[in-house]
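> Given next are the chains, with one letter for each unit.
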Amino acid sequence: MTVAPAPTTTELKLDQLFPGEATPDARKGYSGYIVKPDKLVEVATALRDQHGYDYCSSVTGVDYLEQGQCEAVYHLYNTKTGGPAVVIKAQAPRDNAVLPSLTPVWPGADFQEREAWDLYGIKFTGHPDLKRILMWEGFHGHPMRKDWKEAYYEQEGKPFDARWPGGQVHRSEEKNPFGHNVAYPEGFTLEGWSEQADKAVYDSLPTGGHGSTEEGMRTDLVTVNLGPQHPSTHGVFRIVATLDGETIVKLEPVMGYLHRNHEKIGERNTFIQNIPFTDRLDYITSMSNNHGYVLAVEKLMGLKPPERAEYLRVMMVELTRIVNHTWAIGFLLNDLGAFFTPVLYVAKERELILDVFEATAGSRMMCNYMRFGGVSRDITPEAFQQVKDMVYDRLPRLLDEIDTYLTNSEIVRTRSIGVGVLSAADAAAYSVGGPVLRASGVAYDVRKAEPYSIYDRFDFNTAVRYQGDNYDRYLVRLDECRESLKILRQVCEQMPAGEIQAGKPQYQARVPAGEAYGRVENPKGELGYYVISTGKANAYRYHVRAPSFINLTPFGKMSVGHKIADVVAILGSIDIVLGEVDR
Amino acid sequence: MSSIAKELANPDVPVSAELQNNVFITTIDKIYNWSRRNSMWPMMFGLACCAIEMICTAASRFDFSRFGMEVMRPSARQADMMIVSGTVTKKMVPQIVRLYNQMPEPKYVVAMGACASGGGPFKEGYNVVSGIDKFIPVDVYIPGCPPTPQALLNGLITLQKKIDGQSITQVPWYRAGKSEPIPVPILGPDLIDPRHAPLLRQRAAEAAAAQMNAAQPAEAAPAGPTA
Chain S
1 MTVAPAPTTT
11 ELKLDQLFPG
21 EATPDARKGY
31 SGYIVKPDKL
41 VEVATALRDQ
51 HGYDYCSSVT
61 GVDYLEQGQC
71 EAVYHLYNTK
81 TGGPAVVIKA
91 QAPRDNAVLP
101 SLTPVWPGAD
111 FQEREAWDLY
121 GIKFTGHPDL
131 KRILMWEGFH
141 GHPMRKDWKE
151 AYYEQEGKPF
161 DARWPGGQVH
171 RSEEKNPFGH
181 NVAYPEGFTL
191 EGWSEQADKA
201 VYDSLPTGGH
211 GSTEEGMRTD
221 LVTVNLGPQH
231 PSTHGVFRIV
241 ATLDGETIVK
251 LEPVMGYLHR
261 NHEKIGERNT
271 FIQNIPFTDR
281 LDYITSMSNN
291 HGYVLAVEKL
301 MGLKPPERAE
311 YLRVMMVELT
321 RIVNHTWAIG
331 FLLNDLGAFF
341 TPVLYVAKER
351 ELILDVFEAT
361 AGSRMMCNYM
371 RFGGVSRDIT
381 PEAFQQVKDM
391 VYDRLPRLLD
401 EIDTYLTNSE
411 IVRTRSIGVG
421 VLSAADAAAY
431 SVGGPVLRAS
441 GVAYDVRKAE
451 PYSIYDRFDF
461 NTAVRYQGDN
471 YDRYLVRLDE
481 CRESLKILRQ
491 VCEQMPAGEI
501 QAGKPQYQAR
511 VPAGEAYGRV
521 ENPKGELGYY
531 VISTGKANAY
541 RYHVRAPSFI
551 NLTPFGKMSV
561 GHKIADVVAI
571 LGSIDIVLGE
581 VDR
Chain V
1 MSSIAKELAN
11 PDVPVSAELQ
21 NNVFITTIDK
31 IYNWSRRNSM
41 WPMMFGLACC
51 AIEMICTAAS
61 RFDFSRFGME
71 VMRPSARQAD
81 MMIVSGTVTK
91 KMVPQIVRLY
101 NQMPEPKYVV
111 AMGACASGGG
121 PFKEGYNVVS
131 GIDKFIPVDV
141 YIPGCPPTPQ
151 ALLNGLITLQ
161 KKIDGQSITQ
171 VPWYRAGKSE
181 PIPVPILGPD
191 LIDPRHAPLL
201 RQRAAEAAAA
211 QMNAAQPAEA
221 APAGPTA
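Taken in sequence, the protein lines are chains S and V.
Residue numbers for the first sequence follow my numbering, beginning at 1 and rising by one.
Residue numbers for the second sequence follow my numbering, beginning at 1 and rising by one.
I should point out that these hints are in silico values taken from the structure, not numbers from a laboratory.
Computed list of lysine-lysine pairs in DSS-like fashion (alpha-carbon distance at most 27 Å, straight line):
id, chain 1, residue 1, chain 2, residue 2
1, V, Lys134, S, Lys175
2, S, Lys149, V, Lys134
3, S, Lys123, S, Lys39
4, S, Lys557, S, Lys80
5, V, Lys6, V, Lys161
6, V, Lys30, V, Lys161
Excised from the complex, chain S in its bound form:
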């Protein structure tokens, strides 16, 4: 375990480094630099090679309908020194949105550019395999564009007039001629039309070729599907793999089976209405999802929560981290064949933590706990006592128990050591985050690299392991749980009395115009929220940088050469939650 280097504070002046190619973003409330599209790859390469920005955290599209521009926004970080992001943006006209792909510079941009193509129709030239990722091939239109209306469209922003007191509440399907949530292009019929949803997936895999075994036996390549309904894919995730015998030749993750339009709905919702929606992203860790979102909006509003609220937030988030990591270890063991017994052990303790959440926030899983400038409710003395019991007694015992039974288990070791190796260079290049990144030897933790909330006060270490295999990803989670306990003990000792909300609780947040990026170290990795406000009641752009989604980028690469049975273990060690992968 090492301590991550102290974050730098020097800010790069891109307009001086690349005169004429990068100009500061002068729009009110905006930051970063606008780079000329034809110079984008050049600037990106220089940032990576000369300035150490080796980590392309977030790529997202924005549709500026009035200006007629589509914009791609890139958040870049330096994993060696930490510190704030360098934000670069590139613009292209909406009707011909073409930008150069940055996948050759940062392979981690792969899935994110595909998402921007899928939802915004920004064509990234030079992308190795630009196809839809969340919706299916053949879907009409790019749904996140501002002029694209869904079948149940009512109004630009909430609250909808029809739902306002005195208005008539109606069921949307009653107005739709099909009685479903569907809309087709004018004049569409089934005659002469053929389905192409799966074609793009199979096209990217080798078919009909021959493999060969070590004994020189000639074999056929076979393409198989795992999922979207499969007990080992942790939800509705689909893996399409080409096999030579039992060995993976190429693997393609297919997602979108739980794409529930979080961002499109989020741009209709008022700011405060989005908090319960963030719960449902990574539904194991709702507390820390809240945290990232309120931080982003608090940046825009210039709010600072009172001390007690900060401590309550950190307490809930760190409890969530332990819930997530022990749960992930339980399900990793499921995938390794120890069906459900390890899960029962961790579920027992999880229930006790959920009791605290229920007593404090009112709900077991979907806590909806944090508010702009504070938290919704104070913790009761009984619940606080239960937290102390957990922190000082039960949770350390649980971790020791896991450690005793699993860490040296022969089966766990043989199935996971050396399996699914991800090198340190690849881990940063593929933009993975959280335990997956740190198990590969990159000591990058947002809580240390760019401390938010009150994390700079606590004494804890960044857990790092160096082999980058399944076993180290398991160990790093165990280490992180122990570090979280360290933080929790300090929280329990230092918990101040006082207010839990800055100012009066508000039902309608007034958010000044501008953009903000709030990021937290979620248990699964860096969770970022990119929010653009125009001063209205709802966000103009609301993007989630989902760690589970981006951690899947190197999944294909990690699996090649392993047996099909190892793929489920590798997936288990990456630890995904489909609500966040697909959003």
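Go by the hints and put chain V onto chain S.
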């Protein structure tokens, strides 16, 4: 008399005292439903957040093996009950309908949570189906987002009560003739329910007629309202 015999015995049929410990008389319906309702095998199939609460219901604190439901089968062909636990998306619904068609009769569907029941908080989304009952028949709806394990258990007990009320003479799976599978939706420009093909054709014809009218605006009357 054992407790099971007490539960099942038909009080209208007298059994002589010396036989009461060995023989009990019941109806076919009662014994048929009693044995089915106490070994409902759910399909191991999770969609979204609700699946986590389903796992909690299976785990030690709530433990639905008390109701004979702990044998979760990953294969649809071995399952009696499908718990639709989460948001049904357009991309996923063809698979769900296919799984439902693969389940052997008797089969039951439980819509767990707001999303599976009617679209829930994500109803307005462009990739969200407004409840699984748009495609497959649902036996029990469980409200909640997500329903707590207690709510899920209550829903499952409700399903057991529903089974208790069925009669072997009436159930569809012992009727003569073949049961028809539900047509599997197609992923087109939007989700296509094959049952809507005639309506699609009609609307396309109307759109074509409207275009013709627009081309020759003079004499033709405007096309009637669509749908």
